[in-house]
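4 protein chains.
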Amino acid sequence: MKFELPKYKHPDFKKEVFTSAPEVVTKPVIKKGVAPDNYHATTIFPEYYKINGKWVLAHESRMDSVVVLKGSCDVEVKEFRRLDIGEQVLIGRSEDASEGIYVYTGGFKSTGEKDETFAFRTGRSRETSYSRDYDRLYDVLKYEKDKGYITWVLGPAVTFDSDSRKAMVSLIEHGFVNVIFGGNALATHDLEGSLFKTALGQDIYTQVSVPNGHYHHLDVINKTRGIGSLEKLISDGHIQDGIMHACIKKDIPFVLAGSIRDDGPLPSVIRDVYDSQDTMRSHIKKSTTVIGLATQLHSIATGNMTPAYQVVDDEVRPVYIYSVDVSEFAVNKLRDRGTLEVTSIVTNIQDFLVNLERNLIK
Amino acid sequence: MKFELPKYKHPDFKKEVFTSAPEVVTKPVIKKGVAPDNYHATTIFPEYYKINGKWVLAHESRMDSVVVLKGSCDVEVKEFRRLDIGEQVLIGRSEDASEGIYVYTGGFKSTGEKDETFAFRTGRSRETSYSRDYDRLYDVLKYEKDKGYITWVLGPAVTFDSDSRKAMVSLIEHGFVNVIFGGNALATHDLEGSLFKTALGQDIYTQVSVPNGHYHHLDVINKTRGIGSLEKLISDGHIQDGIMHACIKKDIPFVLAGSIRDDGPLPSVIRDVYDSQDTMRSHIKKSTTVIGLATQLHSIATGNMTPAYQVVDDEVRPVYIYSVDVSEFAVNKLRDRGTLEVTSIVTNIQDFLVNLERNLIK
Amino acid sequence: MKFELPKYKHPDFKKEVFTSAPEVVTKPVIKKGVAPDNYHATTIFPEYYKINGKWVLAHESRMDSVVVLKGSCDVEVKEFRRLDIGEQVLIGRSEDASEGIYVYTGGFKSTGEKDETFAFRTGRSRETSYSRDYDRLYDVLKYEKDKGYITWVLGPAVTFDSDSRKAMVSLIEHGFVNVIFGGNALATHDLEGSLFKTALGQDIYTQVSVPNGHYHHLDVINKTRGIGSLEKLISDGHIQDGIMHACIKKDIPFVLAGSIRDDGPLPSVIRDVYDSQDTMRSHIKKSTTVIGLATQLHSIATGNMTPAYQVVDDEVRPVYIYSVDVSEFAVNKLRDRGTLEVTSIVTNIQDFLVNLERNLIK
Amino acid sequence: MKFELPKYKHPDFKKEVFTSAPEVVTKPVIKKGVAPDNYHATTIFPEYYKINGKWVLAHESRMDSVVVLKGSCDVEVKEFRRLDIGEQVLIGRSEDASEGIYVYTGGFKSTGEKDETFAFRTGRSRETSYSRDYDRLYDVLKYEKDKGYITWVLGPAVTFDSDSRKAMVSLIEHGFVNVIFGGNALATHDLEGSLFKTALGQDIYTQVSVPNGHYHHLDVINKTRGIGSLEKLISDGHIQDGIMHACIKKDIPFVLAGSIRDDGPLPSVIRDVYDSQDTMRSHIKKSTTVIGLATQLHSIATGNMTPAYQVVDDEVRPVYIYSVDVSEFAVNKLRDRGTLEVTSIVTNIQDFLVNLERNLIK
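So the sequences go chain by chain: A, B, C and D. Residues 2 to 363, numbered by this note's numbering, are exactly what the first sequence covers, in order. Residues 2 to 363, numbered by this note's numbering, are exactly what the second sequence covers, in order. Residues 2 to 363, numbered by this note's numbering, are exactly what the third sequence covers, in order. Residues 2 to 363, numbered by this note's numbering, are exactly what the fourth sequence covers, in order.
Check before you lean on any hint, since a few could be wrong.
No copy labels: a pair is met if it fits in one copy or bridges any two.
Here are the simulated DSBU-like cross-link-like pairs (lysine-lysine), alpha carbons at most 35 Å apart as the crow flies [to be verified]:
{"hint": "1", "residue 1": "250", "residue 2": "224"}
{"hint": "2", "residue 1": "334", "residue 2": "51"}
{"hint": "3", "residue 1": "10", "residue 2": "224"}
{"hint": "4", "residue 1": "334", "residue 2": "233"}
For the record, the hints were derived by calculation from the structure and aren't laboratory data.
Using the sequences plus the hints, can you model the full thing?
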C-alpha cells in the first residue's frame, strides 16, 4: 500500500456562520514584547481569521503565540517577546468564527481508516502494540525523504551505545535527516565516542569504564574550544565517525541549544535560550516530520513550537510527530498537548534506531 | 569469535582450610516441613559440604532452601515445605568451611575479559549501552540451542503485538525454546490473537478496539473449557498460529501457573501455587539459560529458584539469566539478588524479540 | 462540609424502552464450569435483568462473570468455574434492554459538584494535584469507619519502613480496617519486623543490613511453621507489634493469598489461587471502600472482583477504590477499567500512610 | 539526640607521601577559555595542592572545573569558559600527591554511626525505608536554619497542588529557605495560582479545568511583562500569596534560569544559560544544604556545581544534598555522581513538602 498524505479539506466558508461573522478586531502593541488585552493565542490547529472579507489561514504557526497583521491580507504568528510597538495584534478568545477567528480541527477528518485508528488510541504504554506504528513510520520516512523536512531531536543517550550511534549516522547518510536539534551533551559525547570510543568514560561497546575516563568529555570540549569550531575539528581530521561528523560532511544543519547543565560549552552551542528557540523555529517552520528521542528538555521545547499542520506548496498537510522514550511519563507529556498526530512509542531508543536503520536502509 | 563457556575451577580442597575443616553437622526433621534450628540455607552459588571426608557439591540447587543428606555422599536441595520427618538437614551458618560448609563465589573468576566487564557494571538503566549484551546473547542462544536448556518466562505483553508474537513463534519453531513459563493471561491472549486477531479486544496490529471485544478473552476461555484442553483445541483445528500452537505442534512444554488475577482459568493452568513452583523447578533443574520478558510475578518466581550454576555432564557451568523490561525497577529487582550472571536490558520486549528473531534466524 | 454518599437513582422502568423489552433469556449449563454460548458477562456497573416482568438488580456483582437465576426473581453473579450443571445462565450481549438486560452507568449522575470533578480527570500522574483527593479520602474513611466495610490490599513495602508500619497498625487499632488482603511476603516481613527489627535483613529504621540478615525471613517462616499458626505465634507472646499482631489482637480478618514467588509458606497462606479468590470475594461482597497500596498482583486481583456499587440496606451506593503506587503505570492499570470511582494517587505509600494516620487519628 | 556536624579531619601532611611530594606544576592559559594540556579537573571532594611548600585546600569548589593560582598561596576553582589569558592552571591527573595534587575522600570518615549507615546504602527505590532519612532531614534543616545556607531547587510541580504550595510558602516564611532556583514555569504557575487559583488552567485544589484556562499562564506572563517586573507586580498588590510573593516579601533571592521550553518569558528570567550558571553558583558557593524537588534540568545543573564540602569559618563541613522525585531514574541520576552525601527519596514532592512543614513548623 503506497503511502499518501491525507487530503486536507478547507472549511466551507460559504456557510452562514462564516459569511455573517464579523471581521477580526486588532489592537496595537503599546509596549515592546507585550500584547494588548484580550489578545488571541494560537493553538496547534489550523486557524483562519476574517480579514478584509476573506478568511486567511495562519501559516508557520506555533501554539501559545499571538498573531499580527501583515499587510492587508496576511498574518504572522509571533512569540510575545518578539512583538514590536505598533504591530496590530488579533483580538478575541472564541474559536467559532463569532469574533472573526476560526480554529479548525476537522481538516483531515475524512481520511477513513486513519481516523478510525486514531480515534481508538486512548493511552500509550509499554503494553501498546507498536507493529503498525513502525510500519507507518517507515512509510512516512520514505515519503518525507524526498518530499518533506525531517527534524530529529536527540538526547545524548543516542551516542551512549555503539549500535544506535551507527544507526543514526546511517540515517543521516541516507538522507533521512534534514536537521538535528540537541544540546552540548549530544555533541560532546558523540565526539568523545570518536576520540576515545567512550561516552562519559565508559566504552560504548563493552561498557568498560576506562581509567581517567571522566576526563574524556572535558578533553573533547577543551580541545574543540582550542581549535575554535566543530567544523575545523573535523576538517582537520581529528574526528572520523559519528553523528556530528556525518552532519558536517553531508552539510546537514544542527542546532545545539545550551542549557544550565552544560560543561564547556563546545563552540556552536547557543548561549541564549531565546536565540536557541528562534533558530530551532526557523527549521520547525519547514518541518513536516519531527522525531524526538530520549530527551525531555529538547523534545518538549520542540513540541511547543510545532503545529499540527504545515502549508507546503499551498497545500495544507499534517506534521507527523514521534516521541520515543522508555518512560511513559515522558512520551505522554508531549502527547498531552492534544494533537492527533503525535505517535508515542515506549521503548529504548537504541532498539528504535536499529529497527529504523534495518527497515529503511539495510 | 567463537562462544565458549567459561571454565569452572573447583576449590583446591588440599588446602589446610579444607583439610582441617570439620564434617558438616546434620540434625533430623522432627516435624514435617519444618527445619531444625540453625539449619543452613542455600545461596545461588556453588556450595560444598564436607561429608565423610569428601567435599560434596550441591547440584540442582536453589536459593533460600535447605540441604538434606542423600545416602552417604550426596545431598538434595529442598524447599522447607518439602522436608519429611527424619531427613537429616545440614546445620551451620558460616560459609568459610569452618562448619563443613563452603560457599564458593570464585569458580568462574579466571575467564579474563568477561570478568572485567562484569566488574564494571554498577547499574543498568535506559542509558546503558546494550550493543554488546545483544551480541553476547546471540552467541549464548546459538550455543544453548544445541547444548543447553533455554527457559522463557513470558508476560502477556508478548502476545499484545503482532510482530513480537510472530517473532516468539519463530524462535520456538527454530529450536531456541525448551520450555515456556507463563500464566493464564499469556495463553488466553495468545489464543485470542488467533481466534479474533485481538488482545483484550484490541486488534494486535492496528490497535483498533473491536465492538464487544471485551468478550473475546472470556469466549476463548469458555470455548477451551468446553472442549476440555488446549491440546484438543489445537488438534481440532480451531487455532492456526501463535505461541501455544507452536509449543503444542513442536512438543515444547509450557507451565501455566495460576494467579489470583485469573479469569477462567483455561485448562492446563495450575491452581496450587506450590504445585506450580514444583513444576517450574523440575524444568529449572535442567535450565542453562533463562530469559524473562515483561513479567514481574513469573520472572521473580523463576529467579528465586534459579541458581548461578548448573552441573551438566559432570561439568559446572554458569546459568545465564536475562531480565528484559521497560522498567528499571523491574529488571533491577531481579538483579539485586547479587548474581553476576543476570543481564538486565531496559527496553520494550517487542523490540527485543524482533531483534532476536532477525539476528538468530532471518 | 459533612460527607454524604451520593444518592442513587434507579432507572425509570415505566419508560417504553423497559416496558416493551422482552424477558431475559436463559440457557442451562450443560458442562460444569462452562457457560452456554452467547452468555451475558457482567460489567462493574449496576445491571438489571427483566425476569417475570420485573427488572431485577444484580447484587454482589463482579465484572467478567456470568449471571444465573436464583428462584423466580433473583440472580447470582458467578465466576465461570463455579457454574453447576443445570443452572440457568442469562443470555445476551446488548446492554440497552433490548434483550432484557440493562447496564446502567448513570445512577449517581445527579450529584452535582462531584460529577464535574470526575468529568475533568483525564489522567493521573506525579504532577496531578492531590490535595482534594486526600481531603475527600479522610471524609470517606471517617464515614466508612462506622457505616462501611474497608478493605486494604497491602504490598510488603508497607512493612519495610518503620513509620509506615506503625501508621498502618494505628489505622487498624482505630477501626479504619475491616479486612486486609496480602500475600506471604506481607506477613513474613511484618513478623520479621517484630522479631528482628528488619525487613529482608535490613533494619526498618536505620536501613543498616544486619549480618546474616538474609536468614531472618526464613527463620520467621520456619519458626511459625514449627509453632503451627500465626495465631499461636502471637498468643505465645513471640510477637509484640506489627500489622499481623494488630489484626489478631483486634480480631480483624486477613487473607494471605499464596503466589509462586513465596518462600515457606507461612501457615494461613492459601495455596490454591481460586480458593484465594473465593475467600477474597467473600469480603469484597461486603466492601464499600477498597484501598490498594504498592501491590500490583493483589490490587489487580482485587480490582477484578470489585464492582462500582454495593447494595447496603436495600440502598445502592458507590464503592470507593483507591490505588496508591509510585508508578503511574501501576495506578493507571487499575484505573483503565473505566470506573469513575477509582482514585489513583502517585506517591510513595510510606508518605501516604503517615499522612492518613496524622489526619485521621493524631 | 542533638544534631552535630561530623568533624572533618585534615590529612596528616607530616607523612612522607606529602613531605616528599613535588610542588604542583602550572601552565598558563594561552587562549581565552581554553585550558593547557594535562590540566587538572576537580572532583566533588576536598582537594589539596602543594604550593610554595604548603598544602592549600580548594574552597568554593565545583566538579569538572580547573584550578588557577591566586597570589602565592591560594587557588580559585573556575569553569573552563571563565579562564583568562595568562592565568596559571594547575596541571596533573593523579590524585595521590605524586604530582602535588591530593584528592581526599576520607575527611568525614571517623563519624561512627553515620558512616556505617551510608556504607550499606546500595540503591534507593520506592521500597527503601525513609523514616530515618526524614528524621535526619528535620535535624539538618533545624540546624541549617540558623547556621547554614539552604538552597531549594524547585520544579513547577511544587505549584500544581494547593497543599504543597502552601507548605513551601510556610517553609520560606519560617526561615528554612535561603535561595530558590527554578525556571520560568515555576514562577509563572505560582503566579497563576494566585491570580486564577489554577496551574495550567486546572484548579490547584479541585483539579477542575477552567474554561479558557489555557490562557491563564499567558495572561500572567503578559501582565507581568506589561508591569515590568515581578517585584512591581507584587508591590502593586496584584498578588497576595504564593512562593514568589513570599520570597519578595521576605527578601529571599530567587534565580529563574531560562530554558528553551519557556513561553514569555517573565521579567527576571535569565536568558543566557551561562549567566544563569554563574548566578546559581554565586549562591552555591555559600550553600550548605541543597534540596532538589521534581526537576531534572535544574537539579542536575545544581548538582553539577555543588561540591561535597564547604569551608565555613575556616572549618570544613559536608554539604547535604537531597534529591526528591517520584522517579528512581531521576533521583539516582543525581546520586550516580558518587558523593556520599546525596540522599535520594523516591516519593511525590507534594507529600514530601507537607511532611516537612508539619514536622518543622506545625
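Verification of the supplied hints:
1. 250 to 224: within (20 Å within a copy, 47 Å between copies)
2. 334 to 51: This pair counts as within: shortest intra-copy Cα distance 34 Å, inter-copy 46 Å.
3. 10 to 224: Neither: 54 Å inside a chain and 38 Å across chains, both beyond 35 Å.
4. 334 to 233: For residue 334 and residue 233, only the inter-copy Cα distance (34 Å) is at most 35 Å; the intra-copy one is 38 Å.
Violated hint for the displayed structure: number 3, the only one.
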